[in-house]
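K.L.:
Each chain, letter by letter, is given below.
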Amino acid sequence: MISIKNLHVSVGDKPILKGVNLEIPAGEVHAIMGPNGAGKSTLSHVLSGKEGYTVTEGSVTYKGQDLLALEPEMRAREGVFLAFQYPVEIPGVSNIYLLKAALNAMRKHHGKDEVDALDFLTMVKGKIKALEMDEKFLYRAVNEGFSGGEKKRNEILQAAILEPSFCILDETDSGLDIDALKVVSKGVNALRDEARSFLMITHYQRLLDYITPDVVHVLADGKIVKSGGPELALELEAKGYHWVEEQVA
Amino acid sequence: MTTQYSEAYAKLENSLAGSSLSWLSELRTQAKEQFLERGFPRLSDEEWRYSNVSVLDKKAFSPVSDSELGHIDIADLDSYKLADCWTLVLVDGHYSASLSDLDGIADAVIVSSMVDALKNHPEKVKSYLGQAVDLKEAGFKAFNQAWFSDGVFVSVAANTVLDKPLQVLHVVTSAEVLANTHHVIALGTGAEATVIETFIGCAERYATVSVTEVFVEKNAGLSLYKTQLESDKAVHLGGVYVKQARDSRFKHTNFAFGSLLARTDVHTDLSQASECDLNGLYLGVKRQHIDNHTRITHVEPYAISKELYKGVLNDKARGVFQGRVIVAEQAQKTDSDMHNHNLLLSDNAEADTKPQLEIYADDVKCAHGITVGQLDDKSIFALQSRGIDEETARNMLTFAFANEMVNKIKFKPLHEQILTQVLERFPQAGIDKAWL
Numbered sequence: 001m002i003s004i005k006n007l008h009v010s011v012g013d014k015p016i017l018k019g020v021n022l023e024i025p026a027g028e029v030h031a032i033m034g035p036n037g038a039g040k041s042t043l044s045h046v047l048s049g050k051e052g053y054t055v056t057e058g059s060v061t062y063k064g065q066d067l068l069a070l071e072p073e074m075r076a077r078e079g080v081f082l083a084f085q086y087p088v089e090i091p092g093v094s095n096i097y098l099l100k101a102a103l104n105a106m107r108k109h110h111g112k113d114e115v116d117a118l119d120f121l122t123m124v125k126g127k128i129k130a131l132e133m134d135e136k137f138l139y140r141a142v143n144e145g146f147s148g149g150e151k152k153r154n155e156i157l158q159a160a161i162l163e164p165s166f167c168i169l170d171e172t173d174s175g176l177d178i179d180a181l182k183v184v185s186k187g188v189n190a191l192r193d194e195a196r197s198f199l200m201i202t203h204y205q206r207l208l209d210y211i212t213p214d215v216v217h218v219l220a221d222g223k224i225v226k227s228g229g230p231e232l233a234l235e236l237e238a239k240g241y242h243w244v245e246e247q248v249a
Numbered sequence: 001m002t003t004q005y006s007e008a009y010a011k012l013e014n015s016l017a018g019s020s021l022s023w024l025s026e027l028r029t030q031a032k033e034q035f036l037e038r039g040f041p042r043l044s045d046e047e048w049r050y051s052n053v054s055v056l057d058k059k060a061f062s063p064v065s066d067s068e069l070g071h072i073d074i075a076d077l078d079s080y081k082l083a084d085c086w087t088l089v090l091v092d093g094h095y096s097a098s099l100s101d102l103d104g105i106a107d108a109v110i111v112s113s114m115v116d117a118l119k120n121h122p123e124k125v126k127s128y129l130g131q132a133v134d135l136k137e138a139g140f141k142a143f144n145q146a147w148f149s150d151g152v153f154v155s156v157a158a159n160t161v162l163d164k165p166l167q168v169l170h171v172v173t174s175a176e177v178l179a180n181t182h183h184v185i186a187l188g189t190g191a192e193a194t195v196i197e198t199f200i201g202c203a204e205r206y207a208t209v210s211v212t213e214v215f216v217e218k219n220a221g222l223s224l225y226k227t228q229l230e231s232d233k234a235v236h237l238g239g240v241y242v243k244q245a246r247d248s249r250f251k252h253t254n255f256a257f258g259s260l261l262a263r264t265d266v267h268t269d270l271s272q273a274s275e276c277d278l279n280g281l282y283l284g285v286k287r288q289h290i291d292n293h294t295r296i297t298h299v300e301p302y303a304i305s306k307e308l309y310k311g312v313l314n315d316k317a318r319g320v321f322q323g324r325v326i327v328a329e330q331a332q333k334t335d336s337d338m339h340n341h342n343l344l345l346s347d348n349a350e351a352d353t354k355p356q357l358e359i360y361a362d363d364v365k366c367a368h369g370i371t372v373g374q375l376d377d378k379s380i381f382a383l384q385s386r387g388i389d390e391e392t393a394r395n396m397l398t399f400a401f402a403n404e405m406v407n408k409i410k411f412k413p414l415h416e417q418i419l420t421q422v423l424e425r426f427p428q429a430g431i432d433k434a435w436l
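Sequence lines, in order, name chains A and B.
If you count the first sequence from 1, position 77 lands on 77 in this note's numbering, and the numbers rise without skipping.
If you count the second sequence from 1, position 217 lands on 217 in this note's numbering, and the numbers rise without skipping.
No lab work stands behind these hints: they were computed from the structure.
Keep in mind it's a predicted model, so treat the numbers as computed, not measured.
Treat the hints with care, since some could be wrong.
Partner residues are not named here, just some residues of chain A that face chain B (Cβ under 8 Å, in silico) [claimed, not checked]:
id	residue
1	12
2	48
3	69
4	73
5	76
6	77
7	82
8	88
9	90
10	98
11	102
12	105
13	106
14	158
15	162
16	210
We put the beta carbon where it would ideally sit given N, CA and C, even for glycine.
The following block holds chain B by itself, in its conformation from the complex:
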């Protein structure tokens, strides 16, 4: 049932970003053909074997044009806006200038909606758009490229530092809405930036599809955070596809707390002596299904990759981690380290974890460690022996397990937001936030 989306989008075609640009129409047409042939991924696709996304076929989610946007509770929105940031807000997949705050950003930096970037800097966008994604792979990239409505374009000139983090706030306002956006973040040689993608929505069922292409030029560094706080009925498909040039640094941290069904891809290709650091914390309750899929390709020698994903799963929640590391034949002296730890709080919770190392070089260091377990009795006893009751001890240890990831956040407003979210989502009796 892939045709329902092509019919829905046929009516909106003129409102999609860059609809007058022939090169983009061509890209969209290629993607559309690919999607109509293949559809959304199936369980028989190896990289999707744990996550069933057939709901996207069975249920028609509806894209909306920028004239049909739903109502936004401003006070609620403001509570998710981070202090000391540039803010760009996307509502139901469309840029909202009135809700955004980009005034005063340096001339050497472009931060704009994809619609505006395609108007004002079409050649620049053209040099990046679609370059980091492989449409032939199973996934949602073809769907996204065929019909993305808008998105964000960030370009930081060489040797420029974005003075404040940029928060891209994705909001979905109404039930059954499909927000489908495409983003490009491009850092010139020696540039530095921090970008935070925040996903929120109304309390209903809706769908978000978001693809971010990242280009980190030589010796540049991007820190990209994702805060996924979608409604607990939502479907979320997000992907970050990265090209890292020599000596570049890319750090990604995914806080996946929301959605009924969530998937995040982080794929990166590493050039010589570049470094990636991928982190994730997923918290699942009730029937939430949260999937993290990473693929790191060491293309050239001396690159370093680090991964740490932690999950806390309660009730009937299911967490999935698939970590694939590919070391090409010429990528000697690769240093790769992958860890995934899962804490199960209920007998009915499930963690599926699958590290995959494909090593074609012979002089490399590749480590991985995977655990799935419950709270450690020794640690509970250690706390009890200091006068702390068992329930509080369990809460503290559960919190502590998650807090290891929270504590990695150096940007204070984000740290505060994530800490609050973690505390709200898990039992917190006996935990004193003021002292953390």
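Bound conformation, chain A alone:
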């Protein structure tokens, strides 16, 4: 699905990613853990096309294409989805309007007609129920006045409707209480299938109790320093990131 080779990224003159190598095959869930400042969020931003980052070396191939050459909206239309760590509030645009505009942009890109209004509503209402969200959320401005948990659920709702091939979850679990985490995880697990890949960025092992990854990577100082199965996350939780950094040094 996605192949990241020797990726070096700078912000201004400061190198943040220093040679990341990562392969995520279709259908797999990979978790990236690491201390603050390791470059986790930079990785998610670069993959989704946010401005302000310079790729100085390396490549990212997604479904056989050079991902870094695509505008952010083209990446999205090709199936890359970023669930934001800090979802933005957009006063004046309702959730349902955004969902419909986004879905139609995707459909147009793939040569399909605009979605039928009634079908769309039925589909959205089904998905919103699965995420235990109130239908009223649809008619409220995007993320305006939402609690932290509601914002994160809203990101997952967008993923559920846009049905991307490659989902980047950027600290989707941060700040959630256990009940909200369960709901969000349930939403993510419902999206798992053999054609869809996930990159989960997290600080906390707790998320992995609810979404079991195929592979866990540790990112430290701009590089992946260790990879392993789900048990690696438990070991990290017990021993701290310091342990990995020492092993590498």
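Given chain A, work out where chain B should sit, using these hints.
P.N.:
Positioned in the frame of chain A, the structure of chain B alone reads:
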């Protein structure tokens, strides 16, 4: 050059509202003296420092009598009339009975032209007219009171609810015309009403001066909308001056989209536990200059004032917001909140914003927030990351910024009208109205 207007009006004096009433002649004479002494405001007047209205001196706009009214395109007029409303139409500053629709209004409510009100209810009008304006202040109030030709008089009896909103439609038909009108809206104790002032005109240069005095008695509530859709060459000076009694509510929303030069004053005095909610949306393009001036005086304790004004400015347009909140010494427990946000779409657009808080009481809550900025890159990226192209994202966010104010309109026909206007005035590629 203030004399040009006194000469022009000298010829029309007998056609001005209430010309046979001596008390009114006296009011007009006082105002005329005040105006001749002071003239229109200058940049050196603190509350007018951002808005140059010297065009009114340099250029002679002409008042017209009610026998000289210009031609009206009825179909065009009808497109601005709102459904489910009482309608009162003023053409070039004069009431038109044939274009208005007031038949069947409840007996407890008076809605009429100022000319008719001065004939039929002179004592009632007398108790209000001129009571909410201070002629000594710099502005256009003295000019207005000296020579207003007509206007609207609304009086809602105690504990009466005006069953439908009243739309006052101001139309100017011809180039160089000056329409100068004066209005009174008086709500008795516990009364409720919604009034919409709509300003439209021909595509030429003309001038509108409109002063509305509002009296909201105890526990009454008035929702007053202003929809300013004047020609992009017009000069518009409008003012709303309000006296709020105890426990009253006053809500004003100004949609200022038209005019080359527009100024709206909203001044209110708050009695105990009364509440005012002032809102505005201004959209400026090309060389438009749109000024909103508010003054809220907390005279007594426990009153609440809220203000939210938003502006979108493109090209070389300039938006001005001056928000003055005065909290008198005895107005303890005042709760006041003022916000002005400006979105600049061009490097040459300008926003001047000036919050002024004058607090003489010591136990109050007064907040204010002001922003002037461009579209937020994070929001643009957030939309792009959902597959929406950058141009559409920018259009959506610009629209959304304005739509926050549009969405506050609860009356559907007005909501529809304003929404359409906003969409017409800004880039809308990629915005699907049916889904808003």
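K.L.:
So, as I understand it, the hint says residue 105 (chain A) touches chain B; can you test that by seeing if any CB pair is closer than 8 Å?
P.N.:
Given a least distance of 4 Å, the restraint on residue 105 (chain A) holds.
K.L.:
At a threshold of 8 Å, is the proposed contact between residue 77 (chain A) and chain B supported by beta-carbon distances?
P.N.:
holds (5 Å)
K.L.:
Given a cut of 8 Å on the nearest C-beta pair, is the interface hint for residue 210 (chain A) held or broken against chain B?
P.N.:
Nearest chain B Cβ about 25 Å off; hint violated.
K.L.:
Using 8 Å as the Cβ threshold, decide whether residue 106 (chain A) counts as touching chain B.
P.N.:
Hint on residue 106 (chain A): holds, closest Cβ of chain B at ~5 Å, below 8 Å.
K.L.:
A closest beta-carbon separation below 8 Å is what the hint needs, so does residue 48 (chain A) meet it against chain B?
P.N.:
holds (5 Å)
K.L.:
Would you settle whether the hint for residue 98 (chain A) is holds or violated, based on the nearest Cβ-Cβ distance to chain B being less than 8 Å?
P.N.:
Result: holds, 7 Å to nearest chain B Cβ.
K.L.:
Take the shortest C-beta to C-beta distance between residue 90 (chain A) and chain B; is it under 8 Å?
P.N.:
holds (6 Å)
K.L.:
With 8 Å as the cut and Cβ atoms as the points, is residue 73 (chain A) at the interface with chain B?
P.N.:
Check passed: Cβ of residue 73 (chain A) comes within 5 Å of chain B, closer than 8 Å.
K.L.:
Should the hint that residue 158 (chain A) touches chain B count as held when the rule is a Cβ pair under 8 Å?
P.N.:
holds (7 Å)
K.L.:
Using Cβ atoms only, decide whether residue 69 (chain A) comes closer than 8 Å to chain B, and label the hint accordingly.
P.N.:
For residue 69 (chain A), the interface hint is violated, since the closest Cβ of chain B sits about 15 Å away, which is over 8 Å.
K.L.:
Is the shortest C-beta separation between residue 102 (chain A) and chain B less than 8 Å?
P.N.:
holds (4 Å)
K.L.:
Grab the minimum C-beta distance from residue 162 (chain A) to chain B and call the hint holds if it beats 8 Å, violated otherwise.
P.N.:
holds (7 Å)
The structure does not agree with the numbered hints 1, 3, 16 stated previously, though it agrees with the rest.
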